Amino acid sequence: MTALQGCLLISALLFAIGFAGAVTRRHAILVLIGIELMLNAANLNLIAFWRFGPHPEALTGFIFVLFSMAMAGAEAAVGLALIIAIYRHKKTSNLDEVKELKG
Amino acid sequence: MSPFFIITGIVTLLGAVFAMSLRNLVHCALAMAVAFSGIAALYLQLDAQFVGFAEILVYVGAIAILIVFAILLTRSGEAPEKSVLTSGWLAGIAVSAVVFTMLGWAVLNSSAIPKETPPAPVATVKNVGDALMTKFVLPLEIIAAMIGAVIIALKEESKNENSGRKS
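Read top to bottom, the protein sequences are chains U and G.
In terms of the numbering used here, the first sequence opens at residue 1 and continues consecutively.
In terms of the numbering used here, the second sequence opens at residue 1 and continues consecutively.
Errors might be hidden in some of the hints.
Here are some, though not all, of the chain G residues that point toward chain U, as calculated from beta-carbon distances under 10 Å [said to hold, decoys possible]:
| no. | residue |
| --- | --- |
| 1 | V95 |
| 2 | S111 |
| 3 | A120 |
| 4 | I152 |
Read the hints as simulated data drawn from the structure, not as lab findings.
The structure displayed is predicted, hence computed values, not measured ones.
Glycine included, every Cβ here is placed at the ideal spot set by N, Cα and C.
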């Protein structure tokens, strides 16, 4: 197993853990934590391909990760603001009790 | 792969598992910080120093604090008595296991993976800044504009809320 495959396996496992948590947990904040873990798994993939790919001096994967981290920071702020707004409105952050948009 | 890299990966994955499986939300946030620190250590070992330190600054610093604030503001700091899982949790775990099996199979059997490790690239802060200000200046401005749009939208909302309260 090469180092690139090791990195990719770690990030695949991280993605699976984040996905399982985001799908199975009831609390809205834990779903957000799962999404953050999945985003980090994608970033780890990008860095691994940048490091072991053919042209690391072009810095493409590196810059992509910087942009992706900026977007993830904005996304976390907006998501937590949404969770707090829903909590103030409905006094719950349990996703099974927030059913207004359920089809 | 050095043994230190494997140990860091195991610590990261354990932190992620605990972040997703503990009952108390504050403990979950703490385990999440451990997982993010592990990812930062992995970045440092992959010769991406700037991204590693940015990860510590953004995730372990800012987002972990933001999540702890949200946990305490929504008064969910203590562990619930009821079940913490949704009704379809078994299907969720099955789907994520299938996802991991497919990804792992693809990674281990791919012919596109290069066999030899290239020499370590130089990604100093100067190089990164040069690239950001020349080749990637348009994406940088677009992302700054997007985040600025988020901030403007948030301000607008709070203004409406205040005026709504007054009337």
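For each hint, the structure was consulted:
{"no.": "1", "hint": "V95", "verdict": "holds, 7 Å"}
{"no.": "2", "hint": "S111", "verdict": "violated, 12 Å"}
{"no.": "3", "hint": "A120", "verdict": "holds, 8 Å"}
{"no.": "4", "hint": "I152", "verdict": "violated, 12 Å"}
Checked against the numbered hints above, the structure violates hints 2, 4; every other hint is satisfied.
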